[in-house]
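Number of protein chains: 2
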Amino acid sequence: MSGHYTVSDYLVTRLAELGIRHIFGVPGDYTLAFLDRVLASGQVSWVGNANELNAAYAADGYARVAGAGAVVTTYGVGELSAINGIAGSYAEYVPVVHIVGAPSTRVQRAGALVHHTLGDGDFEHFARAHAEVTVAQAYLNAGNAAAEIDRVLATMLRERRPGYLVIPSDVATAPAERPLGPLQVPPPDTSARVLEDFTAAARVMLSRAGTLAVLADFLADRFDVRSELADLVAAGGIPYATLSMGKGVLDEDNAGFVGTYSGAASAKPVLAAIEGADLLISVGVRLTDSTTIGFSQQLDPARTIDVQPVSTRIGNREFAPLLMKAAVQALVTLVTELDRSWPQPDLPETPQDDDALPGHGELRQAHLWQAVQRFLRPGDIVLADQGTAFFGAQTMRLAAGVTFIVQALWASVGYSLPAALGAALAAPQRRTVLLIGDGAAQLTAQEFGTLIREDCNVITILINNDGYTIERAIHGAEQHYNDIPAWNWPLVPIIMGGATMRTARAGTPFQLNRLLDSVADPTGPVLLDAVLPKLDVPQLLTAVARFATAANKRNG
Amino acid sequence: MSGHYTVSDYLVTRLAELGIRHIFGVPGDYTLAFLDRVLASGQVSWVGNANELNAAYAADGYARVAGAGAVVTTYGVGELSAINGIAGSYAEYVPVVHIVGAPSTRVQRAGALVHHTLGDGDFEHFARAHAEVTVAQAYLNAGNAAAEIDRVLATMLRERRPGYLVIPSDVATAPAERPLGPLQVPPPDTSARVLEDFTAAARVMLSRAGTLAVLADFLADRFDVRSELADLVAAGGIPYATLSMGKGVLDEDNAGFVGTYSGAASAKPVLAAIEGADLLISVGVRLTDSTTIGFSQQLDPARTIDVQPVSTRIGNREFAPLLMKAAVQALVTLVTELDRSWPQPDLPETPQDDDALPGHGELRQAHLWQAVQRFLRPGDIVLADQGTAFFGAQTMRLAAGVTFIVQALWASVGYSLPAALGAALAAPQRRTVLLIGDGAAQLTAQEFGTLIREDCNVITILINNDGYTIERAIHGAEQHYNDIPAWNWPLVPIIMGGATMRTARAGTPFQLNRLLDSVADPTGPVLLDAVLPKLDVPQLLTAVARFATAANKRNG
Numbered sequence: 001m002s003g004h005y006t007v008s009d010y011l012v013t014r015l016a017e018l019g020i021r022h023i024f025g026v027p028g029d030y031t032l033a034f035l036d037r038v039l040a041s042g043q044v045s046w047v048g049n050a051n052e053l054n055a056a057y058a059a060d061g062y063a064r065v066a067g068a069g070a071v072v073t074t075y076g077v078g079e080l081s082a083i084n085g086i087a088g089s090y091a092e093y094v095p096v097v098h099i100v101g102a103p104s105t106r107v108q109r110a111g112a113l114v115h116h117t118l119g120d121g122d123f124e125h126f127a128r129a130h131a132e133v134t135v136a137q138a139y140l141n142a143g144n145a146a147a148e149i150d151r152v153l154a155t156m157l158r159e160r161r162p163g164y165l166v167i168p169s170d171v172a173t174a175p176a177e178r179p180l181g182p183l184q185v186p187p188p189d190t191s192a193r194v195l196e197d198f199t200a201a202a203r204v205m206l207s208r209a210g211t212l213a214v215l216a217d218f219l220a221d222r223f224d225v226r227s228e229l230a231d232l233v234a235a236g237g238i239p240y241a242t243l244s245m246g247k248g249v250l251d252e253d254n255a256g257f258v259g260t261y262s263g264a265a266s267a268k269p270v271l272a273a274i275e276g277a278d279l280l281i282s283v284g285v286r287l288t289d290s291t292t293i294g295f296s297q298q299l300d301p302a303r304t305i306d307v308q309p310v311s312t313r314i315g316n317r318e319f320a321p322l323l324m325k326a327a328v329q330a331l332v333t334l335v336t337e338l339d340r341s342w343p344q345p346d347l348p349e350t351p352q353d354d355d356a357l358p359g360h361g362e363l364r365q366a367h368l369w370q371a372v373q374r375f376l377r378p379g380d381i382v383l384a385d386q387g388t389a390f391f392g393a394q395t396m397r398l399a400a401g402v403t404f405i406v407q408a409l410w411a412s413v414g415y416s417l418p419a420a421l422g423a424a425l426a427a428p429q430r431r432t433v434l435l436i437g438d439g440a441a442q443l444t445a446q447e448f449g450t451l452i453r454e455d456c457n458v459i460t461i462l463i464n465n466d467g468y469t470i471e472r473a474i475h476g477a478e479q480h481y482n483d484i485p486a487w488n489w490p491l492v493p494i495i496m497g498g499a500t501m502r503t504a505r506a507g508t509p510f511q512l513n514r515l516l517d518s519v520a521d522p523t524g525p526v527l528l529d530a531v532l533p534k535l536d537v538p539q540l541l542t543a544v545a546r547f548a549t550a551a552n553k554r555n556g
Numbered sequence: 001m002s003g004h005y006t007v008s009d010y011l012v013t014r015l016a017e018l019g020i021r022h023i024f025g026v027p028g029d030y031t032l033a034f035l036d037r038v039l040a041s042g043q044v045s046w047v048g049n050a051n052e053l054n055a056a057y058a059a060d061g062y063a064r065v066a067g068a069g070a071v072v073t074t075y076g077v078g079e080l081s082a083i084n085g086i087a088g089s090y091a092e093y094v095p096v097v098h099i100v101g102a103p104s105t106r107v108q109r110a111g112a113l114v115h116h117t118l119g120d121g122d123f124e125h126f127a128r129a130h131a132e133v134t135v136a137q138a139y140l141n142a143g144n145a146a147a148e149i150d151r152v153l154a155t156m157l158r159e160r161r162p163g164y165l166v167i168p169s170d171v172a173t174a175p176a177e178r179p180l181g182p183l184q185v186p187p188p189d190t191s192a193r194v195l196e197d198f199t200a201a202a203r204v205m206l207s208r209a210g211t212l213a214v215l216a217d218f219l220a221d222r223f224d225v226r227s228e229l230a231d232l233v234a235a236g237g238i239p240y241a242t243l244s245m246g247k248g249v250l251d252e253d254n255a256g257f258v259g260t261y262s263g264a265a266s267a268k269p270v271l272a273a274i275e276g277a278d279l280l281i282s283v284g285v286r287l288t289d290s291t292t293i294g295f296s297q298q299l300d301p302a303r304t305i306d307v308q309p310v311s312t313r314i315g316n317r318e319f320a321p322l323l324m325k326a327a328v329q330a331l332v333t334l335v336t337e338l339d340r341s342w343p344q345p346d347l348p349e350t351p352q353d354d355d356a357l358p359g360h361g362e363l364r365q366a367h368l369w370q371a372v373q374r375f376l377r378p379g380d381i382v383l384a385d386q387g388t389a390f391f392g393a394q395t396m397r398l399a400a401g402v403t404f405i406v407q408a409l410w411a412s413v414g415y416s417l418p419a420a421l422g423a424a425l426a427a428p429q430r431r432t433v434l435l436i437g438d439g440a441a442q443l444t445a446q447e448f449g450t451l452i453r454e455d456c457n458v459i460t461i462l463i464n465n466d467g468y469t470i471e472r473a474i475h476g477a478e479q480h481y482n483d484i485p486a487w488n489w490p491l492v493p494i495i496m497g498g499a500t501m502r503t504a505r506a507g508t509p510f511q512l513n514r515l516l517d518s519v520a521d522p523t524g525p526v527l528l529d530a531v532l533p534k535l536d537v538p539q540l541l542t543a544v545a546r547f548a549t550a551a552n553k554r555n556g
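Just so you know, the protein sequences line up as chains A and B, in that order.
So in our numbering, the last spot in the first sequence is 556, and the numbers never skip.
So in our numbering, the last spot in the second sequence is 556, and the numbers never skip.
Chain A extracted, bound-state conformation:
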C-alpha cells in the first residue's frame, strides 16, 4: 500500500486542484485508509469536527468563500448525521462533495451484518437518501474510480450543488493513475442565436424604459457574475438593491445602492426604486417566503428581465440555453451603448451615528445592529444565523467587499457557527464576524472547540436573549417549548480548549461598543456575549411575524 498512487490520492489531487485546502469531517474506521492519504498528501489539511453535521456546515461555509468544499464521513451513521448540511448546500447552490468511507467491496457483496448498517444486507439505503439532496452520486470501484470522481466533481461545479462519493475501504487503497490533465468542466451551452435574440429583445426594453433598476440575489454569487454586475450598475449609474440572501453581491457602500429589498417590508425608497421602475433587471433572484416576507413582492414580469443560471425570461418569452454570465455581459454592453444616466431615487439622508453618546441603558436589537455596522470593515466575512440575527443583519449597510453569508432558504438553525469555522479557514487573512442567537448556538456549540484549536480569527457576537426569540415572535411567546437551558457563554472557552479565546459580556450599548473596539484586530477567536431582552426583535421580524400569523389563520 505504501508508495503507490491510489484512488485516494487521485481524489486528493483533484480536490487540491479545485482549491480545496481543508477537508472537514469525523473519522470512522471505514474512512481511515482515505484519511491516511489525506494526511500524507501535504496538499489538503484535515480538520476534525466534533460531529458530522457540524462538519457538513463547515464545508459549506468553506465552499461559499473558497469556491468548493469537502466533507468526509463514515458509512451510515456519519453520512446520515451530515445529510441535513448537504441538503442545505443543495438548496442554496453550494458545491460541497460528501465523501463517504464504506465497508469493503467484499463485505458489501456478501451482504454481511456489519456495524453502521441496518442489518438487512442492503448497502444502498443511504445512497438513495443522498440522491434526494445531491446532484451527482457515485459508488466507486477500482475500475471506475477516476472517471466517476471526475464526473461527480465536474457536475458539482457546473451545477453549483453537492456531489456524493462512496469509497469502499479496499477501493481507497487500490492503485490509480495520476490525472492526465486538469478536470474538465464543460459549462452548459449558450446558443449564439438565443443570445442574439435576447440582446435584441433587451435592447427594445431598455430603449423604452424611463427608469431602470437592478435587483440581485444569491445565484448571482453562485454563478459568478459579481464583477459583471458591478460593471452593469456602474455603466449606467443604475440604482440597485439586493435580496437578503444576495446581500453583499453588489457593493453597498455606493450611491447607487438603495437598500435591501424585502417585498412589502422594504424601506419606502427601496420599494419605489425596485417595484416602481419601468424596467427591472433581476439577476439570480429566487423569491422565497423569508426573503420576500411572505411573498409580498409586487414585481411585474412584463417589466422584468429575469436572468437565471441557464436561461433568461422577459415577460412570457424565455431565452434558453443562455448562461447568466453571457446574459449579464450582453446587458453591460447594451447599457454602455445607450450611454445615458438613469434617474436616481430620492434617498433619505443616512442618519449619522452619534459616536460620542453610546448608551448606558439596556442593550436592544436596534443598538446591536448599529454597533455591528460601525464595527465592520471592507473585506470582512459576516455570517448571520437564521434567527433574529438574520432579520437584524439585513438592515445594515455593509462596507465594500464584505462577504455576507446567510442560509435563509434552507434555514437550518445553528448552521452559521460551523460555517464560520469553514469560512475563516478559507480566508485566514480576513476577519470573520459571526452573529448568532443563544438557541441557535446550542445546536452546534461544540464547534467553538474547533475554532479554538484552529485559532481562527472569528469574532462571535452571541445574541443572548434566553431562547428561541424568532419562534416567540411568530407563535407562543411564553410557551415553554421556546425556552432553552441558560448557558454561561463567556465560560465556554474554559471548557473547550483553553485560554486563546477572549470572551466578555455586554449588557449596554456602551459596553458593546467598547468591547468591539477592543477586539477589532483579533489574534484568535473572540466570543462576546450580548445580553438582550427576550422579546425584543428587529423591526423586520415584526413584519414577518405579522405575515406568519396571518398565513396560519388563513390555513387554519
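Quick caveat, the hints were computed from the structure, so don't treat them as lab data.
There is no bait here: all hints are sound.
Pairwise CB distance ranges, derived in the manner of DEER restraints:
id	chain 1	residue 1	chain 2	residue 2	range
1	A	L535	B	E478	51 to 57 angstroms
2	A	A16	B	T549	28 to 34 angstroms
3	B	T549	A	E318	58 to 64 angstroms
4	B	T523	A	A16	51 to 57 angstroms
5	B	A504	A	A40	38 to 44 angstroms
Quick caveat: nothing in here was measured; it's all calculated off a predicted structure.
Beta carbons: idealized from backbone N, C-alpha and C, even for Gly.
Following the hints, complete the assembly by docking chain B onto the known chain A.
Leaving out everything else, chain B in the frame of chain A:
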C-alpha cells in the same frame, strides 16, 4: 381552534395510550400548532433538546425502557438532522415515531418556495429518505389522519421499528373524532400446525442432546420474551450466555450464567458451554461483526434451534409463521416435561474484589470496569457508548434486573448521552449510569444541559482518554485525525445551566472508588471525569483490533 378536538389531540391521545409520557424534539414554526396541543394535553410532557439528532437519540433511549418513544421535528432541516437517530432505531428494532411538522397543505399544493425546502417545489424528498429507515410512513390530511396514525403506530409496535408521520400545519389543527377504542395491534400469525411441527422437531433434538445451552440476544428483549427465557433456563438449569447487545436479557447474577459470548474472543468457559453444547437454543440472535468480533463464532446450525421474531430454524428446516413467544413457550414446556438437570460447565472461581486495597497508581481500563461493576445495583439502567466503553462493559457481570443499553450494530458514536436522558425520564425511580468516552461525548455534549434542566438521576462516568481511542486501537494510533480538542469536563455544568450537577475528576482507582461511593444515591445528575491513558484499551478491544487489521489486509 380552541376547544375542539383536533388531529394533534388524536395523536397525543394515542401516544399517551402507548405509555409515551415524554416527547422529545426541537420546536420549529411548522411544529408549533402541534406542540401547543402537546402542552395543553396534560398527558404528555414536552422535553426540548439542544438539537434534533440528540432528540432522536433521547426518544430511542426512552423507547428502550418505556416500550415506545416519540420525537418531533420540523420539516426538512429538523427531520434530516434527526434521521441518523431514526436509522439507529430501525437497525436495532426500537419503536420510535418521528413526527414531522410540515408546511400547510395549501403551500405544498402550490409548490411554494418556502423555507426548509430544497426550493424545487417537491415536498416529498424527505419522506422518501425516511422510507429507507422507517417501517411505516404517512402524510396526514384531515380526512385520513386517524386511520393513518393508527396504521403507522400499529405497524411500528408490531415490527418494533420506527414510524414516520408528517403533519402539515393546517392538518395539526383540523378537527378529529376521539378514538373509539384502544389501538389495535394485530400480531403476525402463528400457525397452529407449524407450532406442532416445531414442537415435535424440538422434542427430538432435546431428547438426543447430552448437553444443552441457551444463547440470547437483543431481539429477545425487543420481542418481549424476557420472562419466558428466564423460565426456560430455570426449568432445566440450563447454562446460558448472551451476546453483548443482549446483555441483561437474562439474569447474570445466577449460577447458570456463564458469561458474555463474543465468538472466538469469549472466555474459555463460555466457548465450551456455547460452542461445545450438543444443542444450542439461540433466541433473538443477530451475529454482527462487533458482537462476534469479526464473525469468529463457531456455531453449527445443525445443532442449533434458532428462534427469531416470526420464524424458527432447526438445521435446514424453517418453521414459519411462528412467533418468538410461542416458540420459547413451547421450549419451556418441553424442557419442563423432560425434567432432567443439564450438565453445568466448569466455571473458574470469580476473583473477589479486594475492597481493602484500592490503588493509588494510574487509573486504567481494568480498574475502571471493576469499580463500575462493584458500583452497580439491581435495577440500574446502564448505557455504554460504542467506544472503549462498549468493550469494557461487556466483561462486567451485571446485578439482577439491570437494563443494559448499547447500540452496537448501528454504532453511532455519541448516542448514549442523549439516550441516557431518555432512559432516565422513562424510569425516574431507577439510577441511570452512563459510560462514555470524551470523543463520543463531544458529539452530543450539549445534552448535559437538558440532563441538568430535567434534573435526571444520571451518573455519567466520562472515560477521558484524549481522543478516539477505539479508532486508535484499530488504525492510526498516533494519527492526528484521532485527536480532539481537550475539554475541561468537570466545568461543563457551570456553563450548561448550573450547580445542580455534581462533578469531580478521578485519576486513580482509589479516587474513582471513593467518588462512586459518594454519589451512590444521587439527587440529580453527576459527572465523573475518569482520566485514563490514551492508548489503554479493554482486553476485548485488543482482540477486535487484531481482527480489523487482519480484515483490512485481506481486503487491501
